[in-house]
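With the hints as a guide, dock the two chains, each given alone in a separate frame, to form the complex.
Residues per chain are reported as follows:
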Amino acid sequence: MTQKLIIIGAGMATGRALEHLLDSNADFDITLFNAEPRGNYNRIMLSPVLSGDKTYPEIETHTDAWYTENNITCRFGERIAAIDRTAKTVTAENGEVLPYDKLLFGTGSNPFMIPLPGHDLEGVIAYRDLEDTQRMMDLGAGNRCVVIGGGLLGLEAAAGMAARGVDVTVVHIMPHLMERQLDEAAGYLLRKALVDKGITVKCAANSKEILGQDGHVRALLLDDGTELPCDLLVMAVGIRPNVKLAQEAGLAVGKGIHVDDQMVTSDADVLAVGECVEHNGAIFGLVAPLYDQAKVAAATLLGQPAQFVQKELSTKLKVTGCDLFSAGDFAEGEGREDIVFRDPARGVYRRLVIKDNVIVGAVMYGDTADSNWFFGLIRDKTDIADMRDTLIFGPAYQGGSAADPLLAVAALPRDAEICGCNGICKGQIEDAIAAGATDLGAVRSVTKASGSCGTCTGLVEQVLAVTLGDDFVVPAAAGICGCTDMTHEDVRRMIKSQSLKSMPAVWQACGWKTSCGCHVCRPALNFYLLADWPLEYQDDPQSRFINERKHANIQKDGTFSVVPRMWGGITTPDELRAIADAADKFAVPTVKVTGGQRIDLLGVKGEDLPAIWKDLNDAGMVSGHAYSKGLRTVKTCVGTDHCRFGTQDSTGLGIKLEKTLWGSWTPHKLKLAVSGCPRNCAEATCKDIGVVCVDSGYQISIGGAAGMDVRETALIAQVPTEDEVIDVIKAITQSYRENAKYLDRIYKWMGKVGLDWIRDQTVDDLDNRAALVARFEVSQSIYRADPWAAHVTQKSESYQPLADLSLEAAE
Amino acid sequence: MSHWIDIAALDSIPQRGARLVKTRHGCVAVFRTGTDEVYALDNACPHKNGPLAEGIVHGSAVTCPLHNWVISLETGQVQGADEGQVATYPARIESGRVLLDAARLQHRAVA
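The listed protein sequences derive, respectively, from chains E and Z. Counting in the numbering used here, the first sequence runs from 1497 upward without gaps. Counting in the numbering used here, the second sequence runs from 12 upward without gaps.
Next comes chain Z alone, as it looks inside the complex (with noise of 0.2 Å):
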């Protein structure tokens, strides 16, 4: 069951820029694109754990910011050549605040 919380205005986060959330399990990086949807994947590349919420956010994916690889943000998985998976959580906006679903991030301390 879903269990959506209340994290921060949209504002808070930049157009095409990120902002941490820190879980009891480490941290997931809240997108926000250049036409305002939010995502939310944990923090971490499948290459060498670079900090993707440092990336450069383009069209619905994020460049990691050690090694330049490419993560949609919709799937969570590695664009072109370099092959990978991302763990994604459900985001949305409501009446200009972002949620994100506990039940979720909890699950993933379960997995």
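Okay, chain E solo, but in the shape it has when bound (with noise of 0.2 Å):
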């Protein structure tokens, strides 16, 4: 017979077991409570999400098609106001009352937050949801933020708004950051990592007081007098099981709701899993106990023995940048001896804590390769004896057990575990390769593994390639050039979250493998830079192609074309005359009409450019960009001005757009159009960004294109006014340039990130659209001005040769 269960939370402990439920076909009529008005995302990953790295999409495990598909009745946005276990029935929010057979508990855990007179002001906010990320994301650049809190979740909160250009200060009451997972010196180094990331660190700093201003946060008073001035202010000091439904409905809690170890409640129909459990005096905040648990929930759910076992944990950071491990128990203590090794050149630092020839606790930093295989031989308690003189040195020392990443993870047993969050082994993998899974998503699809933090992802495709051999590449995430491994979205990451603003820079932190870089690499890093830091970021010509550099198309011939700007492909009959004259003048071959509604003069010499842009300059026309990974042409119809079909100012619109866009620098070539009406003379819809006008305003479209590959735009808003029209298309364009790799035209990008995804960011997120805006006229006020008039006046000598021998008499 079919039993009712209801389950109260949807986090990633409840989600797993769900799953666990539903591979089994198990014969339940599933109704889920959520207070969050969504459903189960991975929440481990929004400091990801907070530093850019991810967007919400990335994470959410569980899509409303997915709870369809399942027949699983969700209730998002309630809570359960009541449980009555003797009637066993829950009353839900809105008072309805439903009957249930079990009930599982996944209330998870609340923030704590200190009671600091002014905790309760504005813009006092904890980490743990998606509201609070938000909260955070939306600060924007330039303002002030203090953490309190220099654990995991705070630390991860103060880097992701730091590399979103906050003003970050942690505070912390204890004399060295994350004491729980690592020892002083470890924390030292941290502690040096972060601030060179620009956030300030108070360590054994006691808060007073939380200081507002008409209701408002203004500043955290620490007791020493100290003032931190702040807009917003983040508690991250930890978690307590949320525990009151528990209470009020009569079952045996503690620090969190006692558990079995079948994860039964002290009423034998009603479980619990999660952060809101206590098990064996133990509550539980990283994810692998969670995911164990809910293993262990789901089979006594389907009358199946199970046994939920604590196990040895480990901690990794996941901020770009700093590389951390710690695992076991790392205090000093009798009979416990250090081996420690420190490469300060490189930042490196590992000590091991060994007793009786076992290693009981492990703290790495900067060079954690090796961690997964410390960690093994803490769990398993592995003698190292043999190999105490080499032991610190990693896996790649001890005998016989070679550099090779590959051999080393051949030799590894079944249960060797290689994914911590799901508590994959190895042996699980390899079963799923031989049925079929013979690529990373399918594993993943199929085992979890890597599915949830990622860091083991490498891990699993190696034991791909050890399993599958030839029939298996290990898909090298193709680096830029050969000047380095890492990809472009590598790179940008590290230039954001780095904040390396200069070649060199991101050389040097990146690990370029040739001194300069190369043709491949040098222009998508100059675009990068500037992209990321136009005030800070000085272009330099010497990265860029010949055409940008020289802001004219070389021809095949080692002549150049040159292309005056039309604003929305309006000209004047003053214009055309200086047009005409200066292709007498230089003696131009060709004069050609473009496709995007300009005039080409093909043929230029080159050491002629000065002069003709100058005589170009004083007939008041400037650069069309026609060679630029940039703002290239606005195209347009003639609109109302005179079609007879037109709607609005179709050609006002385009020239507007042009003069607010012009001079800006994209990943690639950025062409837009606006079309008076739907019958769309412009060609609108082929264009990266295109406006049709209709007679209630403006549709906008993006990622078309006629080259190569030709593409249809697909629309992204309609909006009424022009002014908005030029504000989502800026922070589209804002979006395009911060996000999109180098060479990619926006159907590429759009084509990754999903229409979805840029809509949330440019039309429905109005503060984000706006902190877009206010970014693009940042860099604008750099880039929107006339390169060849600065060229006439500064430049124009190195448009002629260094010298001329032709004349001198032979010997």
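In short, the hints are calculated from the structure, not lab data. Accuracy of the hints is not assured; some may be wrong.
Listed below are the simulated DSSO-like cross-link pairs for lysine-lysine, each with C-alpha atoms no more than 27 Å apart in a straight line [to be verified]:
no., chain 1, residue 1, chain 2, residue 2
1, E, K2248, E, K2165
2, E, K2101, E, K2081
3, Z, K59, E, K2101
4, E, K2248, E, K1944
5, E, K1751, E, K1598
6, E, K1944, E, K1807
7, Z, K33, E, K2101
8, Z, K59, E, K2155
9, E, K2088, E, K2152
10, E, K2009, E, K1992
11, E, K1500, E, K1740
12, E, K1693, E, K2009
13, E, K1550, E, K2248
14, E, K2237, E, K2165
15, E, K2088, Z, K59
16, E, K2081, Z, K33
17, Z, K33, E, K2052
18, E, K2110, Z, K33
19, E, K1550, E, K2052
20, E, K1584, E, K1500
21, E, K2052, E, K2110
22, E, K1992, E, K2248
23, E, K1807, E, K2009
24, E, K2291, Z, K33
Rough simulated footprint, nothing fancy, chain E against chain Z, three-plus residues with beta-carbon under 8 Å [as the list claims (entries may be wrong)]:
no., region
25, 22 to 35
26, 53 to 62
27, 74 to 83
28, 90 to 99
We put the beta carbon where it would ideally sit given N, CA and C, even for glycine.
Take a look at the structure:
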């Protein structure tokens, strides 16, 4: 008979329990309540969302479609008001009473808010859910934030906001950071790395009071009298199991909801999993034991035997550039010995704590490549007496075991844990591969390995490589070029998170293998740097392709083409006369009308460029940027000025758009068009960004192309006013500049991040739109200028030969 | 016999860049690397005569702006899978000035 199962809380533990239940085709009628107005997402990935490395859709683990498909009744945004265990019913917030056969608690935890005076002021938040993350993301560059708590969560919050340009101060009550996971030396290295990221760190600091103004947080006052001004205050000092509902229902509760080894509470029909439980006196905050609990709870519900056993845990910090690992117990004590290795030049620190020839604890900072190996030694209580002398150097230095990572993986036993979050062993991955999962995605969907925090992705790929041999090529996440193994995405992340503001800084920090890059990476780096640091970074002409260095298109015979800008495709008799005069004066062999409504003068000699530009400048024309990975043209039709079908002033809007966007550099060329009615004479629907005017406003669509690939644009928004068109397009352009890979047109970028994501960022989220527009304007304060005029006045000489020896008499 | 002639100040060539010297038999590109070495090569890629002076200079090589052939500034040899050779000429720096060997430039006309 179908049993009614009610689950309270859609978090990572109950989400995993659901998956186990569904996998075994259990006969349950499931109703899922969640106080958050959404389903299950990967909460541990909120930090990468905060730092901008991931987006919410990427961390959503169960979509609405998934719940529907599996016949789960979802009641998101609803709390449970009461539970009657005698009648076996729950009462929803709206008064509805639902019967259950089994009840599963997954109420999670509440962030602990220190009851300082002022803790209830507006702008004092915890770091717990998507709303908190969004608050932090919305703060905006240049604002100030204080984070109370120098533990895992507090530091991830601090680093994420610092990566977004927020001025962050971390206040920690203990003498060093992450004291529960790190010793003092590693805490110091971590602190140094954070300070290098521009974060202020105050340790051994006691908070006294939160000061406010007009009900909003203004500053944090320390007990030594220091005032730390802030616009947002984040408390990340720990969590408390959320036991209120369980307590009211009369379940046995201590620090958390008491459960036995089968995850059953003091009521045989009520189970609990996750951060809300207490098991043998312990409560849980890391994901690995929660997944174990979920598995046991599902088995118990299915009437199968299973037992939850607490295991050794390890910790990694998800902050780019701070590689740290800690596991076990590393306090000093009787009979304990240390092996320490330091390499100050590389910022590497490793410490092993050994007792009776067994490693009981390990702390690693700066180079955590061997952390899995050490963790295995701790967990298995391996006797290390024989390798003691070389132990600290890692597996590569143990006799026989070679430095080849594949050999090391091949040597792992079947029960070696590969994915710590999900407790997946090598053997399970091998079985999945044997059953037909032959790539990373398949292994991930079958076993969940590498599906949570993702740090073991490389290891899973190596297991695939070892198991499949030549049939599997480890997808060398294609490096930018031969100078680096890092991908474009990696490098962009490094530039942002490490505040790399010059090319040598990138080469150093990312370990470039060449002295100064090559023709592939340098133009990309130059773009990334100027897009991310418009005010600090100085554009490097020597890292640009010739077209952008000389602001003209090189032709096959080494001559150039010159295209003056015609705003929105509109010109005048005077401009046409000046163009004709220039063509005559410089003996331009070909004059052609372009597809973007401009006039192209082809065949101009390199040394004549400054002179022809000067003539065109004098007639009031500027560079048309027909050569740039940047704003090219805004093509228009005549709209309401002349056309009997026109619905809006498409020409006027095109000119406004071009005047606001011109000069901006983008990952690839950017072409726009504005059509005055859906007849679309300006061909707006095959442009990177197109606007089609309709009676009620303006339809903005993006991602068109008419080159090697032909694409129709996709509608992103319809807006009522010209001003809003301009803002949305500026925001799209800026988001494209900040996020796309160099040489990806908008349609390729859209293929990677999705139209919905772009719409969220630039249309729906008004604050984010405004922030993007503001950043675009900051950049345009530098780049909205005519490069021709600058070269005529400052660089004219460089277009001439260095010397002319052709006139010297032959000897 | 060498006959060094003064061409220009080193600073008139941008780092990782090049300038042209006109001769009676075509243009010679004078390159300056990121570490301030100078090299002189014919300004024509062996592939389709691309103007090497307009290329991106990296290490001691230049990438032709037309089709990305990479040419060693030291030897004039085309690098990688492509094949070919560009003529090179002696060049050096003395007291911040770039000098070329006129005798060799002259010889070029004869060759």
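Evaluated hints:
{"no.": "1", "hint": "E:K2248 <-> E:K2165", "result": "18 Å, holds"}
{"no.": "2", "hint": "E:K2101 <-> E:K2081", "result": "12 Å, holds"}
{"no.": "3", "hint": "Z:K59 <-> E:K2101", "result": "18 Å, holds"}
{"no.": "4", "hint": "E:K2248 <-> E:K1944", "result": "22 Å, holds"}
{"no.": "5", "hint": "E:K1751 <-> E:K1598", "result": "23 Å, holds"}
{"no.": "6", "hint": "E:K1944 <-> E:K1807", "result": "19 Å, holds"}
{"no.": "7", "hint": "Z:K33 <-> E:K2101", "result": "14 Å, holds"}
{"no.": "8", "hint": "Z:K59 <-> E:K2155", "result": "39 Å, violated"}
{"no.": "9", "hint": "E:K2088 <-> E:K2152", "result": "25 Å, holds"}
{"no.": "10", "hint": "E:K2009 <-> E:K1992", "result": "21 Å, holds"}
{"no.": "11", "hint": "E:K1500 <-> E:K1740", "result": "23 Å, holds"}
{"no.": "12", "hint": "E:K1693 <-> E:K2009", "result": "24 Å, holds"}
{"no.": "13", "hint": "E:K1550 <-> E:K2248", "result": "12 Å, holds"}
{"no.": "14", "hint": "E:K2237 <-> E:K2165", "result": "13 Å, holds"}
{"no.": "15", "hint": "E:K2088 <-> Z:K59", "result": "25 Å, holds"}
{"no.": "16", "hint": "E:K2081 <-> Z:K33", "result": "23 Å, holds"}
{"no.": "17", "hint": "Z:K33 <-> E:K2052", "result": "20 Å, holds"}
{"no.": "18", "hint": "E:K2110 <-> Z:K33", "result": "25 Å, holds"}
{"no.": "19", "hint": "E:K1550 <-> E:K2052", "result": "43 Å, violated"}
{"no.": "20", "hint": "E:K1584 <-> E:K1500", "result": "10 Å, holds"}
{"no.": "21", "hint": "E:K2052 <-> E:K2110", "result": "25 Å, holds"}
{"no.": "22", "hint": "E:K1992 <-> E:K2248", "result": "20 Å, holds"}
{"no.": "23", "hint": "E:K1807 <-> E:K2009", "result": "42 Å, violated"}
{"no.": "24", "hint": "E:K2291 <-> Z:K33", "result": "19 Å, holds"}
{"no.": "25", "hint": "22 to 35", "result": "holds (count 12)"}
{"no.": "26", "hint": "53 to 62", "result": "holds (count 4)"}
{"no.": "27", "hint": "74 to 83", "result": "holds (count 5)"}
{"no.": "28", "hint": "90 to 99", "result": "violated (count 0)"}
Violated hints, listed in ascending order, are 8, 19, 23, 28; each of the other numbered hints is respected by the structure.
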